[in-house]
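Asker: Sequences are here, hints too, so could you generate the full structure?
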Amino acid sequence: MTAVLPRRRLAALPATPRYLAGRIGQSLLALFGVVTIVFFALRLSGDPARLLVPEGATAADIARVRARLGLDDSLWHQYTTFLGHAVRGDLGYSYVQNRPATDLLAERLPYTANLAVAALVLSLLFGVTAGAITALRRGRWQERVLMPIVLAGQAMPAFWTGLLLVLLFSVGLRWLPSTGYDGPLSLLLPSVTLASLSAAAIARVTRGAMLEQLSQDYVRTARAKGAGTWRLVTRHLARNTAIPVLTVAALELANLLGGAVVTEVIFAWPGLGQLTVQSVAARDFPVVQAIVLLASAVYVVVNLATDLLYGVIDPRVSSGGDHP
Amino acid sequence: MKLDLIKGSRRRRARTAAGALTAVACLGGAACGIRPATADRAPGTLVIDTANYPSTLDPGKQYDADTYAVYRNIFDQLLRRDPRTQALKPWIATSWKQTDATTWRFAIRPGVRFSDGSPLTAEDAAFSVNRILDKRFASQQFANFSMISKATTDGADLVVHTAQPAPTLLTYLTTLSVVPERYVRRVGDERFAAEPIGSGPYVFASATAGSQVTVKANPLWWGPRPSVRGAVFRAVPNVASRVVDLQSRKADLATTLTPDAADQIKRDPRLAVLSTPTERVAYLAFNTIKGGPATDPRVRRAIAAAIDYAALIRNLQRGYAKPVNSLLTPLAFGYDKALPDARYDPATARRLIAEAGARGKTVVMDTSPSFNPQIVQAIQADLAAVGLTVDIRSTDQPTYLKKVQDPGHNWGSLRFGRWSCSCLDADGVIYPLFHTGGIWSSYTDPAFDRLVEQGRRVIDPERRAALYDQAFRVLARDLPGLGLFQDYAIYGANSRVRWTPDAQESFYLDTMEVRRR
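Respectively, the protein sequence lines represent chains A and B. Quick note, the first sequence lines up with residues 1 to 324 if you use my numbering. Quick note, the second sequence lines up with residues 325 to 841 if you use my numbering.
Read the hints as simulated data drawn from the structure, not as lab findings. Mixed in with the good hints there might be a few duds.
What the hints assert, rightly or not - Quick partial rundown of chain A residues pointing at chain B, CB under 10 Å, derived from the structure:
id	residue
1	Tyr111
2	Leu163
3	Ile266
Even glycine gets a Cβ: it sits at the ideal position worked out from N, Cα and C.
Answerer: Following this line, the structure appears as C-alpha cells:
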C-alpha cells in the first residue's frame, strides 16, 4: 500500500520563474499537439454535411452544404485557417447551431463547473473520511463496513447509480427534482452520482498514504507523547498524507471539468458533457475542437496548479531539496 | 518564531475555511453563476420533455422533430393539415390556386400580426420562402423547397413560381413558417434565432441554452384562445430520465418514447400513453448492385418471406406498429392498397434460397446504433432460420452514411432504416430511396426512373396515382427494398394533458388541452 506519489517530479520542482516558463511552454506545446490530432482525426471520421441535410437530399445538396462549411478546401488550407483564427480566439461557428463555438462553451461551462466542484467537495468529504477511518481502524468492523460501500460506489456505473437515486429520491420520496436545473437542490443527485465514482479513488489513496505514515517514527513519538487520535490526524497525519490525495483530487477535478458525459445525459444537465456527445454525434467539428481545446487547457492548468500547491503544503518540495 | 507559525497557520486555516465555505455555498446554496430556470407551473402551463434541445429557433434553418416541435408553435405555417383526415387546410394562406403549370397564388389571411404588433403581409411570406432558397443563408431545408424558383407578391397575394410543375409544392408548404421580414432584416439572422418573433399561437419567452425553452400564449394571435397558456420545453436526452420525469411529476408530457418506456408508463395509473401511427416506415433496403447474394432478386424475395413481421410488431414494437404492404403508409399519396401485405412464409424463403444457390452464404447488414439493434438482431435470427448467415456491421452514424451512400455502392447487402419525408407523398419516399443515382439508392431501373420522374411533374392526382401504382409494381417485382412496419409516435402524459397526437408529429400546443386543478 504505497501512495501514488510522483516523487521524481517533486524532486525536480523548484518554483522558479524559469521553471514556470518552461512548464507553460510545455503546456502550450501539448495543447497544440492535442488540437492538431483532433483536427485531423475528426476529418477522417465522417462527413457532417450528410448529417445536416434532410433525408430526401441529393448528392448536389450535400456538396452545397460541404462547400458552404469550407469542407471541400484542402485539409492543409482548412488547418492553417483554423490555426490562424484560433490564435485570435475565434474557434469557428457551430455547423448545427450557426453560432460561435466559444459562445456555446461559455453557456455550458458554468453548469459543468458547478457540478464538478460540488462532486469534488462531496468526494473529498466522503473519500478522505472513509480513507482515514479505514486506515486507523484497520481490520476492525469500521473497515469491513466502509470498504464495500466505497467499492460499490466505484463499481456501479453512473447511469445505474443515477437512475437508482432518482427512483428513490424523486419518484419514491419526491424530495428532489429528477432532472434539469431548478435551483440548488437539483445539484444534489447528479453530484452524488459523480462523487460516488471519484470518492472511491480518493478513499483508497488516503488510506494507503495514511497507512504508510502510521508506521513512521514520528507517529510513534506523537502517540508516546499522549496525542489522541484526533490530534494525531489533524496535526501530524493530515499534512503528510495531503500530497497524494491532492494529486488524485486534481486529476478527478480535471476529468470532471471536461464534462461528465453520462451523468449529464441522465440528469439532463446542460453542461459540456452533453454538448460533447451531441457535437461528436453531429460531427460539429468547430464545437468538438473547442471542447477538446478547453478540456486539455483545464487539464494542463489544474496539473500546473497542483504542482505549485505541493510547495505550499510541503515546503521541502519548493525548496528544491533532495528530501523525498 | 513560534508565534509566526501560529499566525501563519491561523491565516491558512482562515483561508481554508473561506474556501470550504465557498464550496459549501456552491453546493447547498445558490449554485455559482447559473440561473435556476424556474419552471413556473402556472395553471395552464405544460412542462414538456423532448429528447433534444432545438438546434435553432430560426424556422428557416434546421429541420428536425425536436426543433420544429418548438418553433412551429411560435410561427404560423402557410398551410396546415387536418389532424384527422390529413387534408390540407387554410392557415396563413386562406385560399390558393394554380394559375398556370408553374405558378401558384396564395391569398394571405388579413389582419394577422406578429407578436411585436407589426402586420403579416404577403411580402413576409415571400421573404420566408426566398430566404430558404438563398444559397448564402444555407438553409438545411433547401432540399424540401428546391422545386421553387422564386416567390413574389401581387397585391395581398403570395405568388410562388416553380421551375417545373410541382405536385408536392403544397405538402412542403405546410412546413413553411412565416417570419417577419422587417425584424429579421433589422436584427440579423443570429439575433433572430436567439429572440424569435413570429405570428403563431405562442411567443418566445426565455431560453437556457442546451436546457429549456419557455413559450407563452400570444395575446395577439388571430386564432381561438388556446387552452395551453404556456409551455416549458425541456431537453432530456435519456429516455429513462423522461419516464422518471413523468413519474415524479416533473414533466406533464414526454415525447419520443420507446415501446419499452410506454410499457413502464402504463403501469402508473396516473399516466397515460398517447400514440398514433405516423408516416414513418421501418424498412430494409438492398444493395442490388454490389450486394453479394442480395444482388439476386430471388434472395431478396426470400428475405422478404423469411421475416416474421407479426413477431417484430408484437414483441419488439409491443404493438406500437402496423403491418405495411410497401414502403408507403396508407396516409401518404400514392399508397396502393391493392398490393398484398408482406407475408411471413419461411418454407418459400428456404425454397428461393435453394434455387438461388445461396444456402449458407453470408449477407452483410450495415447498421448504426441509431437503429434499434434488437430489430436488427431479430432479422438476423429470422434469416438464419432459412439458411442465410447475417454479418451485422455496426458503425456510428456518420461512418454508416458514408458507407451506404457511397456512389460506388461498396457497402454490404442490406440495411435497416426508418423513413419519413414529412410530406405524405410517395415522391418523398421512393424517389430518394430508389431513383438511379440518389444517395440512398443502390438500385437502377430505367422504367422505374421514368415513372417517378413523371410523378414529380404531373399535377393531375389521378394520373399521378396511376404512375405510382406502376412504380410500386416495379418495386414489388425487383424488391430493392421492403417495408417492415408502420411506426408509431409514442408520447407519455399525466392527467393534466388532453391531446390526440397526429400522424405528422406536428406537436401543435394549440391543439392540446390542459386540465386545471
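Asker: Now, for every hint given, state plainly whether the structure supports it.
Answerer: Evaluated hints:
1. Tyr111: holds, 6 Å
2. Leu163: OK, holds: A/Leu163 within 10 Å of chain B, min 6 Å.
3. Ile266: Status holds, d = 5 Å.
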